[in-house]
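> Positions 539 to 662 (this note's numbering) are the ones given, in order, by the sequence shown.
These are computed hints drawn from the structure, not numbers from a lab.
Be a bit skeptical, because a hint or two may be false.
No more than 20 Å apart at the CA atoms, straight line, and that leaves these computed lysine-lysine pairs for PhoX-like [what the hints assert, rightly or not]:
#1 Lys649 x Lys659
#2 Lys649 x Lys630
#3 Lys649 x Lys661
#4 Lys636 x Lys649
#5 Lys636 x Lys610
Label pairs and their computed distance ranges (CB to CB) [claimed, not checked]:
#6 Ser618 x Ile573: 19 to 27 Å
#7 Leu622 x Tyr571: 19 to 27 Å
#8 Leu662 x Val629: 25 to 33 Å
#9 Ile573 x Asn660: 32 to 40 Å
#10 Phe637 x Lys565: 21 to 29 Å
#11 Thr621 x Thr644: 17 to 25 Å
#12 Lys565 x Leu606: 30 to 38 Å
#13 Thr617 x Lys565: 30 to 38 Å
Ideal Cβ positions, reconstructed from N, Cα and C, are used throughout, including at glycine.
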Amino acid sequence: MRRAAAGLALLVALGLLAPADGRAQTKDDTVVYAIQSDMQNWDPPNSVLRESIILGYHVFDHLAARDLKTGKVAPALATSWRTLDDSTWEVKLRPNVKFHDGTRFTARDVKATFDRVLDEKNKL
Numbered sequence: 539m540r541r542a543a544a545g546l547a548l549l550v551a552l553g554l555l556a557p558a559d560g561r562a563q564t565k566d567d568t569v570v571y572a573i574q575s576d577m578q579n580w581d582p583p584n585s586v587l588r589e590s591i592i593l594g595y596h597v598f599d600h601l602a603a604r605d606l607k608t609g610k611v612a613p614a615l616a617t618s619w620r621t622l623d624d625s626t627w628e629v630k631l632r633p634n635v636k637f638h639d640g641t642r643f644t645a646r647d648v649k650a651t652f653d654r655v656l657d658e659k660n661k662l
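Full structure from sequences and hints, please.
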């Protein structure tokens, strides 16, 4: 009886360890991302689902990000910023940043993003 119980315990233990050795068989240029539900979209300003927001943090850069240790806002694509008046901010951008296609990241890109988000026709 003890031998059967030990054998059963061993099988259960091996069964629990089997998934730990599983590796996704992918090409070197493939990323596998598993989530609990469907993505809402790939548009960060238009995403309210948790999965879309989490993936957005891993895929897209931000002007600023929250420092996870201090909880304070820290520079990211923006190296610094200051308020000039009630409706104007000056933001200094990190130099030599490029998009995935090699295009340079500029202030025009930041402005276009804000214009798109603030445009009431887009309902973002």
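> Tell me, in ascending order, the numbers of any earlier hints that this structure violates.
Numbers 5, 6, 7, 8 and 9, in rising order.
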